[in-house]
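Novice: The hints should help you fit chain B onto chain A, whose structure is shown.
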Amino acid sequence: MIRWDRGWRLTLRVACALMVTIVFLFPVYWLAAISIKTPNEIYSYPPVWLPAQVNLSSYMTLFRDGDAWSVWHSLVTAGVSTVFAMFIGTIAAYSIVRFRTGGDHLAIWIISQRMIPPICVAFPIFLLYVSWQIVDTYVGLILLYTAFNVPYVTWMMRGYIQEIPLELEQSAMVDGLTRWSVLWKVVMPMARAGLFATAVFTFIFAWNDFLFALILTKSEVVTYTVKVTGYFGSQSTFWSKIGAMSMLGVLPMILVVGTMQRFIVRGISLGAVKG
Amino acid sequence: MPDLCLTDINKYYGDVHAVKNVSLEVPSGEFVVLVGPSGCGKSTLLRSIAGLEDISDGDIKLGQRSIAGLAPRDRNIAMVFQSYALYPYLSVYENIAFGLRARKTPQAEIDRQVAWASDVLDIGDYLKRFPRELSGGQRQRVAIGRAIVRDADLFLFDEPLSNLDAKLRDGMREEIKRLHEKLGKTFIYVTHDQIEAMTLAQRIILLRDGEIEQAGAPLDLFERPNNTYVAGFLGSPTMNFVEVTVKDGSMVLPDGQALSVNGAIRDGAYTWGVRPEHFSQSDEGGQGLRAKLEVIQPTGSRSYGTFHLAGVHLIAELGAHVGEQDRREVTLSVALERTVFFDKASGKAVG
Numbered sequence: 001m002i003r004w005d006r007g008w009r010l011t012l013r014v015a016c017a018l019m020v021t022i023v024f025l026f027p028v029y030w031l032a033a034i035s036i037k038t039p040n041e042i043y044s045y046p047p048v049w050l051p052a053q054v055n056l057s058s059y060m061t062l063f064r065d066g067d068a069w070s071v072w073h074s075l076v077t078a079g080v081s082t083v084f085a086m087f088i089g090t091i092a093a094y095s096i097v098r099f100r101t102g103g104d105h106l107a108i109w110i111i112s113q114r115m116i117p118p119i120c121v122a123f124p125i126f127l128l129y130v131s132w133q134i135v136d137t138y139v140g141l142i143l144l145y146t147a148f149n150v151p152y153v154t155w156m157m158r159g160y161i162q163e164i165p166l167e168l169e170q171s172a173m174v175d176g177l178t179r180w181s182v183l184w185k186v187v188m189p190m191a192r193a194g195l196f197a198t199a200v201f202t203f204i205f206a207w208n209d210f211l212f213a214l215i216l217t218k219s220e221v222v223t224y225t226v227k228v229t230g231y232f233g234s235q236s237t238f239w240s241k242i243g244a245m246s247m248l249g250v251l252p253m254i255l256v257v258g259t260m261q262r263f264i265v266r267g268i269s270l271g272a273v274k275g
Numbered sequence: 276m277p278d279l280c281l282t283d284i285n286k287y288y289g290d291v292h293a294v295k296n297v298s299l300e301v302p303s304g305e306f307v308v309l310v311g312p313s314g315c316g317k318s319t320l321l322r323s324i325a326g327l328e329d330i331s332d333g334d335i336k337l338g339q340r341s342i343a344g345l346a347p348r349d350r351n352i353a354m355v356f357q358s359y360a361l362y363p364y365l366s367v368y369e370n371i372a373f374g375l376r377a378r379k380t381p382q383a384e385i386d387r388q389v390a391w392a393s394d395v396l397d398i399g400d401y402l403k404r405f406p407r408e409l410s411g412g413q414r415q416r417v418a419i420g421r422a423i424v425r426d427a428d429l430f431l432f433d434e435p436l437s438n439l440d441a442k443l444r445d446g447m448r449e450e451i452k453r454l455h456e457k458l459g460k461t462f463i464y465v466t467h468d469q470i471e472a473m474t475l476a477q478r479i480i481l482l483r484d485g486e487i488e489q490a491g492a493p494l495d496l497f498e499r500p501n502n503t504y505v506a507g508f509l510g511s512p513t514m515n516f517v518e519v520t521v522k523d524g525s526m527v528l529p530d531g532q533a534l535s536v537n538g539a540i541r542d543g544a545y546t547w548g549v550r551p552e553h554f555s556q557s558d559e560g561g562q563g564l565r566a567k568l569e570v571i572q573p574t575g576s577r578s579y580g581t582f583h584l585a586g587v588h589l590i591a592e593l594g595a596h597v598g599e600q601d602r603r604e605v606t607l608s609v610a611l612e613r614t615v616f617f618d619k620a621s622g623k624a625v626g
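For the record, the sequence lines run as chains A and B. Under this note's numbering, read the first sequence as residues 1 to 275, first letter to last. Under this note's numbering, read the second sequence as residues 276 to 626, first letter to last.
Isolated chain A, as found in the complex:
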């Protein structure tokens, strides 16, 4: 009786987990499936759940036409801006925590920048960029993503740095380190999990941005998010190209999150429970 009960519970648990997994993974699967389907399969009804063969022609078209470069543009803008934002945000957070820079309120002022609806500032920024002549350039997008992510990084890293015992840093200073080397050799390793988690989210924010990329780029540095929209037409919609381009956008995320999963989970839960 007890055995049966236990087996029943396990089955139920696995079934629930399976259902949740399917709900979350199905859209990604469907995207992947569309990207390798033939046009007939895409439009057929009832839908084809499993494509009969792997048809990579959409991917080939993307690479042949040079559209795939947009993924590279996204990678560069998101990657470089993440490095900048992490650097600036971390030292800003260190300064706020250890030197009480800006008193009690600076941190909340900084994070309040995130509360402005981006669309409100999009056009002023566009006009500014026009006069600076950095529309449709790497510099323009990197500058913007850095500016938008620094508050987030500062806010997150502030929490992680606060958890580092002060005595660790003081001990290092007595032992012969400068402030900068304390930051590098004590604060960074101590906040490693938080650092990685924050960097991943920062990267994702920049990677997924559509609004600013749409407004601030034309033809040179078009990101993949903007490129995808070009395949929706008034006459025809290129579903397989949309699917293929979207997959190119999803893959780096799967890679990043997959390899960093350990740190992300630890980084997120670090701030949640105070030890």
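Be a bit skeptical, because a hint or two may be false.
What the hints assert, rightly or not - DSSO-like, lysine-lysine: derived pairs with alpha carbons at most 30 Å apart:
#, chain 1, residue 1, chain 2, residue 2
1, A, Lys185, B, Lys403
2, A, Lys185, B, Lys567
3, B, Lys336, B, Lys379
4, B, Lys403, B, Lys460
5, B, Lys379, A, Lys185
6, B, Lys403, B, Lys457
Calculated from the structure, these hints are not laboratory results.
Specialist: What follows is chain B alone, placed relative to chain A:
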């Protein structure tokens, strides 16, 4: 090795005057303990020496060199922290080598120093482990190891034993004392525990409210306290204080009993300080007090008895085998020459 010299150190935190005009000279090789209750400024003083706090006023000299304005790393001081301050992401070896690496010591020298320190502290078996895999006592040793591998002019200890349990603390106390003898370096040690202060120090600096209350050899402070504060801080159980008046060569206790003080003390009102061990129980007469034994606390080697004497409770050290049958009025003889008289108004010792 240079002497340490503090001159008129002041430290303010806003309106709070945490350290008041402290001057102190520590000759090379001395073991000095700064002791006092929490908030007395002892840690602030230690951290000022290390450079972790800026002093508001005064000067700190190591030998001929003024170190008051220098960054911690330029003072050539080693420090052991209360929380051990071990880096969780580094092995024990790397923790100990940390200060040497920071000063760009050659690898061969690091190996030699770490081997020596781990030998002295008996932690050679744990060098590859991480701090989280060690017990509290082992962590403490690693923390000390990290300090002693460096050829520092001065070793500072900020309550290093207060996170250990009582038994480990006793053992580590002995080891720290042994270590001091072995290294022959200047140790400055902060604690709130009077037993640590008494057992370790060559000289105790007793602080209160940011000022030095009394400084001297442990037994000097214990036997000849300057005032009631020092007398009450050192010793466990604490010294008994009784309000007495002296008139015509005899001391009158609150309940009217009198003891002869042979004219050694002038007439007046005093606080009489008598330690538990100054009493002994005897039913014979002589210089004795009659008092009722109310509570007995046996510790094994001896028992402490609480006596009631006209509204005052006195603790006296008694034989180990004092039992229920002794809970009655008995005669306590007093070693009067060892007791201390304090001026009632000022609390300062007289005579």
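Novice: Are the Cα positions of lysine 379/B and lysine 185/A separated by 30 Å at most?
Specialist: Roughly 14 Å separates the two Cα atoms, so the pair holds.
Novice: Are lysine 336/B and lysine 379/B close enough, with their CA atoms no more than 30 Å apart?
Specialist: Holds. Lysine 336/B to lysine 379/B sits at ~26 Å (cutoff 30 Å).
Novice: Given the proposed pairing of lysine 403/B with lysine 460/B, does the C-alpha separation stay at or below 30 Å?
Specialist: holds (28 Å)
Novice: Below or equal to 30 Å on CA atoms is what counts here, so check lysine 185/A against lysine 403/B.
Specialist: holds (19 Å)
Novice: For lysine 185/A and lysine 567/B, compute the direct alpha-carbon distance and say whether it is at most 30 Å.
Specialist: Between lysine 185/A and lysine 567/B the Cα gap is close to 65 Å, so the pair fails against 30 Å, i.e. violated.
Novice: Are lysine 403/B and lysine 457/B close enough, with their CA atoms no more than 30 Å apart?
Specialist: holds (26 Å)
Hint compliance for this structure: hint 2 is the single one not met.
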